[in-house]
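2 protein chains.
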Amino acid sequence: MSKHETPRDPNEVLEEYEETLDSVLAEVESPDEATTDDDISLGLPGLSLGRRDFMKAGVAAGAMGSVAGCSALSGGDSSAGSQSTPSSSGASHTVEPGEHDEYYGFWSGGHSGELRVIGIPSMRELTRIPVFNTDCASGYGFTDGTQEMLEEGGGYSWGDNHHPNLSETDGDYDGEYLYVNDKANGRIARVNLTYFETDAITDVPNMQAIHGCCVLSPDTKYVLGNGEFRAPLPNDGTDAKNPDNYTSLFVAVDPDSMETQWQVKVDGNLDIVDTGKEGRWAISSAYNSEEATDIQGMTKDDRDNVKAFDIPAIEQAVENGNYEEVNGIPVVDGTQGSSLNQGDRPVVKYIPTPKSPHCVEVGPNGDYAFIAGKLSPTVTMLDLNALADSSDPDEVVAGRPRVGLGPLHTTFDGNGHAYTSLFIDSQTVKWDIQAAVEAEEGSEDSIIEKQDVHYNPGHIQALEAMTTDPDGEWLVSLNKLSKDRFLPVGPIMPDNDQLIHIGQGEKEMELVADHPAYPEPHDCVFAHKDKIDAKKVYDKDDYEETYITEEDSGVERTGENSVHVKMTTKRSEFGLPDFTVQEGDEVKLSTTNIEGVQDIIHGVAIPEHDINYAVAPQDTREVTFTADDPGVYWIYCTYFCSALHLEMRSRMIVEPAEG
Amino acid sequence: MSKHETPRDPNEVLEEYEETLDSVLAEVESPDEATTDDDISLGLPGLSLGRRDFMKAGVAAGAMGSVAGCSALSGGDSSAGSQSTPSSSGASHTVEPGEHDEYYGFWSGGHSGELRVIGIPSMRELTRIPVFNTDCASGYGFTDGTQEMLEEGGGYSWGDNHHPNLSETDGDYDGEYLYVNDKANGRIARVNLTYFETDAITDVPNMQAIHGCCVLSPDTKYVLGNGEFRAPLPNDGTDAKNPDNYTSLFVAVDPDSMETQWQVKVDGNLDIVDTGKEGRWAISSAYNSEEATDIQGMTKDDRDNVKAFDIPAIEQAVENGNYEEVNGIPVVDGTQGSSLNQGDRPVVKYIPTPKSPHCVEVGPNGDYAFIAGKLSPTVTMLDLNALADSSDPDEVVAGRPRVGLGPLHTTFDGNGHAYTSLFIDSQTVKWDIQAAVEAEEGSEDSIIEKQDVHYNPGHIQALEAMTTDPDGEWLVSLNKLSKDRFLPVGPIMPDNDQLIHIGQGEKEMELVADHPAYPEPHDCVFAHKDKIDAKKVYDKDDYEETYITEEDSGVERTGENSVHVKMTTKRSEFGLPDFTVQEGDEVKLSTTNIEGVQDIIHGVAIPEHDINYAVAPQDTREVTFTADDPGVYWIYCTYFCSALHLEMRSRMIVEPAEG
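Protein chains in written order, with this note's numbering: chain Y, 1 to 659; chain C, 1001 to 1659.
Calculated from the structure, these hints are not laboratory results. Do not take every clue at face value.
Using 35 Å as the maximum straight-line C-alpha spacing, the simulated DSBU-like pairs for lysine-lysine come out as follows [claimed, not checked]:
1. Y:221 x Y:529
2. C:1277 x C:1536
3. Y:588 x C:1300
4. Y:540 x Y:588
5. Y:300 x C:1588
6. C:1529 x C:1540
7. C:1277 x C:1588
8. C:1277 x C:1535
9. Y:588 x C:1241
10. C:1529 x C:1277
11. Y:241 x C:1588
12. Y:588 x Y:536
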């Protein structure tokens, strides 16, 4: 029976939510069974309250908060949990020496600020791409060009990247760009996948925290971002203590110009966003419909509202001038009381869900958006085809399977299965999408199997799960805690990204490998190796800096206190064996790597001047600094480039100022 | 026949050196056989010269320099090269899910500035330890304490760490500290292995580049560093253009206070250093005995001098006041002409070797120092027992096997074998130490086998090879180029750290795994897991900051324009739901993580204030900033800590200044 046919009493949903909290409290109240960690009961202010009271009083914080770290231990549904030791089914993630991985994995690095490129199935880190951080290995944030980009992009030296998204053409990855958000500072960055480097950062006005981030399928018309934190608009200190005037925003950024196009003001805090496959709907999870400012207030009510943004309707509102301009950006009013939401085609539809849902993922064929319950043990399936005509939950909720405790994210294998991460149960649950539509709400009938993971998973991703044609085979569970899984490395332990073989069909899930991850990957996305076309040598036409030849190498005085030093690099030699500048000179140093051979990188390091940057074959980089301290400074090559690499040096002589 | 018995004509050594260059040129002149890289012949100024002339004219640079990048291809001694595909002998580096690695590997990160902790045999990166770089994942360089340490340690935001060294007691690793050098800025850092974090950085006076770095065995009396770049002393701009007055220094730093104790001035450029096992000798390789300032000049002569530092003799000179004080440091004159080198017990012995040797490693029993030839195809074995009585090469050179082209580093398995990396041949050569002593100089008789690596190895390390009791079993070859070994990731490709099984005895070497490495690991060192005792929760007694309890949480105005904000963290809650400061206030924010459970880290991020740092269980961290911009800022937790992690926030309200 489809949910369209038998609408269910919304109170049942609330009951399920209460059951969840009961289960959580049962775990917490029985520490002897639950854990060997002596301190696991620390900080549980809600324990003296009755269970119902606990939830109603809005102090779920302590109890829910305490669950991380003990889930190794019980497994809410342990009878369904499979062994963590790999079976002998033959699934191997070994990539033999010299063989290539089959897939690129792009991992957001969380508050490390970087992206990581990881090969699948080997799980080897192939490279890092600095985005919001600085990186002295490559010179990102050290050269003039990257420094300017970071400065114009907000001037911060870190960011919190969460959701990497590959650009799409016709609903498939085109291999051109990757877009990722900075939750901390409300930014969106673009990474060029020809050169694997960040080429644009947009500091979105009016938004403090962009959490959810996705591209609008099928042709990357926009990069969309969810403003999570509610703040005054504009946030200039006026009315700062009046939360009634706080707001949160949804934003559209142009993927080519990277300029902010428009924003939509909504009620509550936005969380995660994904789009349908036809360019119309962006579905955002949201919490804090109470619009409170503390955690007790944020968890007081029973419901929250998922937001369905109608992109063409928003565009029409902008075109019609139905917006307020704030800091140069058209801001459309998408709150529930807005006149734009009163007509036949509201700009935003609000769909009630159980309290504080977490992720939204749209399935491969675009029929359903899957909203993981977090505090509810269910996944709510929104019928995107029904959405145009209604926002009544009885009409648009297509299914709501009970999957386990703490469901956060869902991914797909393209064979009709969904896989949901269970943060509290520390499991991946595999379930049948059609069976969930046909089953009663809250039923476990669609569940196929559960796989223990270690421990407390956030995102999970299967191969190309966000396209219209997922590849199945492998799934990665990004677990936030590793606890006892690796050699101890001090108090800050790695995360644990686990590789799970999911085959192509009904085959069992099999945990194949643990991989430690430096804090703190948030999400990942996979592309088949044939969809990425990385260049190994720079094309001069692809950058603005002037290519320097060996004949160009020299020092040109450009002003009374400024010089331009040009020099080439090739194996074992800089274009200038030495050069002289005057104390106080502003020195612009331009360097071209004239090598034509792949993988012959040279580094340009200036001791005691905080300068180091890489120059790849046929690339040119520049750095500007002031020569403040008289003396001899040996510029040297930091990339081991040849047998005489050690001897590869230039000598900068800074002559004392006269007098 | 031992070399002690039959001293050899030094000219024979020169002939071998010339043979090497002949071999290199043969490779370079036959590009069709050598490579599929069209541009491999780029930049070979020496090609129009005869081979002997080439060497004599000192333009080896171009030819030697061009070899990197083509060695995949020929293999100077390819008949001896083994297959790169692993055999079916059963050596596996797989560590099953949940199982632990057997060894900690500590990788220097080169100009990434960080250390990396990698498990052996899985080759998984367990964590990173920021040292000379900043790191927003942990907040290294963001908190007051780490900022101050980096500022006092020179104020640079990057470094080039090369040689990680574990502290020793009785010649074995005691698991307390790791010391590593910064080649770029002449610094030495210490990493605390209880907490896996950098706890001291010393900016050594008078030295621009510390390249070689080791601890004085057997009890870590000093951390020793080789100053590589020659510069005026002091380097203040006077006499900067007169290389005759340049000098390079050897330094001793106290491992506890981390203060510079003394320096020794020598001729030529120092390279790598290792010590004997009895606390007397430090052996340094060196190049540029010509004391030239360009690469042609540095490769003009036929010989260089290895330096043997007599540590007790140097200490005696310091005690006797036989030094010049420069920038507060006693500098002992260890140049060849110094009066301190004229008596019975010189402070430094100069031992002639073939031109531009590279590494020095002292073997497990302390009998020999192994000096890899780089430009010579040989490894020179110095007899440390004979060194006290003589520096005559005929008496102290115990053997000189011909091992292959471009030998750079040697490691040991504790079973009488040495393994030398061959940069140009792209191989690891295994040879018998005693057989090399008994053979003629320049003989290949001691060679057991060669293993192809991919490509161009620098350091190699076997398990605990630097102790008196190496563990054999595994060896890692740190190859500088990966070229075709991994999925392409743009022009800056990863290095390739290859894991080779070497067994315990005469068993064949077997290449087991390729592992991509972000640029640019330089060296590594391994310790059995039982030798490291990492804490998982902080001990309050181990830090200076004041522990904050929930009762302490609050805001204290400490001055007209300054406040001290104290707050705790625990799962889902900061100690303060909000706090208010005034525009322009200097805010000191102190945070204690009151969790007692391992692996529950909280992060403290302040949007648009460039602040993020981690606080591990029972740890306290502080940050000081100015609240410049009025508005509402949501402080949030960056470490996914619980089911209600997303709701874990505090709210900073910055009120506008009056008027």
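Need the status of pair residue 588 of chain Y, residue 1241 of chain C: alpha-carbon distance at most 35 Å? 22 Å, holds
Next pair to validate is residue 588 of chain Y with residue 536 of chain Y; report whether the Cα-Cα distance is within 35 Å. 27 Å, holds
So if I understand the rule, the pair passes when the alpha-carbon distance is 35 Å or less; does residue 241 of chain Y with residue 1588 of chain C pass?
Holds - the C-alpha atoms of residue 1588 of chain C and residue 241 of chain Y are around 22 Å apart, at most 35 Å.
Item to complete: Take a quick look at whether residue 1529 of chain C and residue 1540 of chain C sit within 35 Å of each other, Cα to Cα.
Response: OK: residue 1529 of chain C and residue 1540 of chain C at ~25 Å, within 35 Å.
- Are the Cα atoms of residue 540 of chain Y and residue 588 of chain Y separated by 35 Å or less? Holds, because 20 Å separates the two Cα atoms, which is no more than 35 Å.
Query raised in the report: Are residue 1529 of chain C and residue 1277 of chain C close enough, with their CA atoms no more than 35 Å apart?
Result: Status holds; Cα separation ~23 Å.
Need the status of pair residue 588 of chain Y, residue 1300 of chain C: alpha-carbon distance at most 35 Å?
Holds. Residue 588 of chain Y to residue 1300 of chain C sits at ~33 Å (cutoff 35 Å).
Requested in this report: Would you mind confirming whether the straight-line C-alpha gap from residue 221 of chain Y to residue 529 of chain Y stays at or under 35 Å?
Outcome: 24 Å, holds
Q.
Hinted pair, alpha-carbon criterion (35 Å max): residue 1277 of chain C, residue 1588 of chain C. Please report holds or violated.
A. 49 Å, violated
Is residue 1277 of chain C within 35 Å of residue 1535 of chain C, Cα to Cα?
Given pair residue 1277 of chain C, residue 1535 of chain C holds - Cα atoms ~30 Å apart, limit 35 Å.
Notebook entry, point to check: Does residue 1277 of chain C pair with residue 1536 of chain C here, judged by a C-alpha cut-off of 35 Å?
Noted result: 33 Å, holds
| said: Can you confirm whether the C-alpha distance between residue 300 of chain Y and residue 1588 of chain C stays at or below 35 Å? | reply: Measuring from Cα to Cα gives roughly 33 Å; hence the hint holds.
The structure does not agree with numbered hint 7 stated previously, though it agrees with all others.
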